[in-house]
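Enquirer: Chain residues, written in single-letter form:
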Amino acid sequence: MVTDRTAPVETATLAAEVEGLLEPAEADGVFRDTRECGGALLLAALLLISPPTPRPKTDVR
Amino acid sequence: MAEQTQGAVPLSAVIADAATGVALALRGEGDPYALSGMLRHEDALTPAAVRVLGADALAPYAVEHRAAPAGADDEAVVRQALMAYPPGDGASEVSLWSYRGLVEAAHAFLPGGGRPWPPAPEAGTAWVGDSPWPKLSHRVSQLAALALPGLASGLAERLAARTDDLSRGFVRAVRRRDWPQAAGVGRWLARLPDVPQTLGLDSGLAFVAQMGGADPRVALHVAAARRFYGRGG
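Respectively, the protein sequence lines represent chains A and B. For the first sequence, the working numbering begins at 1 and goes up steadily by one. For the second sequence, the working numbering begins at 1 and goes up steadily by one.
Hints are computed from structural coordinates only; laboratory data are not their basis. The beta-carbon is built from N, C-alpha and C at its ideal position, and this holds for glycine as well.
Chain A is nowhere near these chain B residues, computed Cβ spacing over 10 Å in every case:
no.	residue
1	ALA34
2	ALA108
3	THR125
4	PRO132
5	VAL171
6	GLY213
Chain B is faced by these chain A residues, among others (derived, beta-carbon under 8 Å):
no.	residue
7	LEU14
8	ALA15
9	GLU17
10	GLU19
11	LEU21
12	GLU23
13	GLU26
14	ALA27
15	GLY29
16	VAL30
Using the sequences and the accompanying hints, generate a full structural model.
Expert: And the structure:
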């Protein structure tokens with residue numbers, strides 16, 4: 001894309017943008033909660049080792 | 001984000017380019033650093049980018065034994081930024097401190113050419129004592145550019161009294177994966193004395209660089225901590 005670094009920009013808008021960039025809001029945190037991860041892991045393990053659902057026998061004669 | 005003229009480079013991209021150049025210079029890579037070579041005087045966004053980067057725009061000039069000294073063009077670029085974006089009435093402490101940092105850096109690292117620099121505005125430090133530690137850490141990370149040798153010594157003295165709280169803030173930012181905040185607070189901790197050994201600041205900063213180094217300003221903060229204070233591996 002062709003870009004123009006000398007394009008006119010609104011001074012007041014730019015001043016407001018500068019102030020915003022000087023003092024950005026705190027980013028939302030991305031937590032890795034150990035207990036939640038452990039719980040999810042335990043659930044996955046239980047599902048994996050659980051016996052298959054019993055099904056009625058089909059006699060082949 | 002403010003609207004830009006169609007086809008224009010957004011301010012954030014200009015800042016990112018400049019931050020990459022500063023980080024390269026602090027790592028001793030690339031061509032000899034010249035602010036006016038990286039941000040051209042006639043660019044409409046140059047003063048805004050310099051104002052946002054603050055003292056970091058001049059950080060490579062703080063490196064001892066530089067190959068090339070700052071020139072008159074660099075001085076013109078900084079003067080332009082100081083003239084265009086002074087802190088207005090009711091400006092926040094961050095805005096005041098950031099402006100003050102740029103003025104102090106200009107005094108310290110640019111020749112001046114006989115013309116006086118604008119006076120550094122008074123900026124308070126009461127917030128350092130009053131703020132709860134998460135808020136303190138966030139604000140300190142916004143002022144990471146002031147963590148340069150010889151700048152904002154009054155602020156550094158006040159922050160030294162809250163080193164433990166900033167250490168908590170560093171850990172919190174890493175756990176939240178807020179790499180810009182972690183890098184900014186880590187850079188300040190690199191400057192402060194008596195940082196707890198148990199914090200593991202060096203490996204923490206290396207981790208932040210690994211995880212968040214794609215952000216040019218994160219890379220800049222980590223490079224500054226390493227270059228000026230020998231922290232971060």
